[in-house]
Amino acid sequence: MLDPKLIETWIAAGLPCEHIAVAGDGHHFEAVIVSAEFEGMNRVKRQQRVYQIIKDKLDSGELHALSMRTLTPAEWAVAR
Amino acid sequence: MDVQKHIHETVTGNPIVLYMKGTPQFPQCGFSAKVIQMLKASGVTSLVTVNILEEPEVRQGIKEYANWPTIPQLYVNGEFVGGCDILTEMYASGELEKVLEPVVKAA
Numbered sequence: 073m074l075d076p077k078l079i080e081t082w083i084a085a086g087l088p089c090e091h092i093a094v095a096g097d098g099h100h101f102e103a104v105i106v107s108a109e110f111e112g113m114n115r116v117k118r119q120q121r122v123y124q125i126i127k128d129k130l131d132s133g134e135l136h137a138l139s140m141r142t143l144t145p146a147e148w149a150v151a152r
Numbered sequence: 002m003d004v005q006k007h008i009h010e011t012v013t014g015n016p017i018v019l020y021m022k023g024t025p026q027f028p029q030c031g032f033s034a035k036v037i038q039m040l041k042a043s044g045v046t047s048l049v050t051v052n053i054l055e056e057p058e059v060r061q062g063i064k065e066y067a068n069w070p071t072i073p074q075l076y077v078n079g080e081f082v083g084g085c086d087i088l089t090e091m092y093a094s095g096e097l098e099k100v101l102e103p104v105v106k107a108a
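Chains A and B supply the protein sequences, listed in that same order.
Using this note's numbering, read the first sequence as starting at 73 and increasing by one per residue.
Using this note's numbering, read the second sequence as starting at 2 and increasing by one per residue.
Be careful, since some hints might not be right.
Here are the computed distance ranges between Cβ atoms for each label pair [unchecked claim]:
1. B:Thr-24 - A:Ala-151: 31 to 39 Å
2. B:Ser-94 - A:Ala-149: 32 to 40 Å
3. A:Ala-151 - B:Lys-35: 19 to 27 Å
4. B:Val-49 - A:Val-150: 17 to 25 Å
5. A:His-91 - B:Ser-47: 18 to 26 Å
6. B:Ala-42 - A:His-100: 43 to 51 Å
7. A:Gly-98 - B:Glu-90: 22 to 30 Å
Think of the hints as simulated: they come from the structure by calculation, not from any bench.
These numbers were taken from a predicted model, which means no experiment stands behind them.
In this text, a Cβ means the ideal position worked out from N, Cα and C, and glycines have one as well.
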């Protein structure tokens, strides 16, 4: 079983995050990722940025699926 | 045929293409099933689906084509729109219907 906290550390190691929270049941995970780097990027580009960090985990099958909400700090301030 | 070329011809030659696990009638993954439901709810009555479980070369190739490591993947008029999360957000905000509207009308 994969610990959601471990996924948080993977992502945070590759992307400066204002906020990151991953929840899941060990197989399917949901992440809320807030980063200033997302400014000016559309949703596809933001997720590609995150996928780039965890690509090897997805390729190896260690991580099957990660749902994502990708927000800029300003969007996060409105959404929270 | 080269798999990237094959994918390119599929997504540009059809208005709506969904790469998924299983078929619209029998989706084999919850994310694929959810996208099918959202497309139906957005008025889509005809679309091309590719069952990547039956096409191993496409399964790998499509990940490289869009630089996107997960399935499902939706293409409208040759353009990659997103995977399940993005489509869910777009569906909730009404954007998905807007993107699909010209294609649905033309069908």
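Status of each hint after checking the structure:
1. Against the hinted window of 31 to 39 Å, the Cβ-Cβ separation of Thr-24 (chain B) and Ala-151 (chain A) comes to about 35 Å, which satisfies the hint.
2. At about 18 Å, the beta-carbon gap between Ser-94 (chain B) and Ala-149 (chain A) misses the expected band of 32 to 40 Å.
3. Distance hint check: the CB atoms of Ala-151 (chain A) and Lys-35 (chain B) are about 21 Å apart, consistent with the given range 19 to 27 Å.
4. The beta-carbon spacing between Val-49 (chain B) and Val-150 (chain A), approximately 37 Å, falls outside the hinted interval of 17 to 25 Å.
5. Range check, His-91 (chain A) to Ser-47 (chain B): about 42 Å between beta-carbon atoms, so the 18 to 26 Å window is missed.
6. Taking 43 to 51 Å as the suggested C-beta distance range, the pair Ala-42 (chain B) and His-100 (chain A) does not conform, at roughly 22 Å.
7. About 25 Å separates the C-beta atoms of Gly-98 (chain A) and Glu-90 (chain B), a value consistent with the hinted range of 22 to 30 Å.
Figure legend: structure checked against the earlier numbered hints; hints not met, in rising order: 2, 4, 5, 6.
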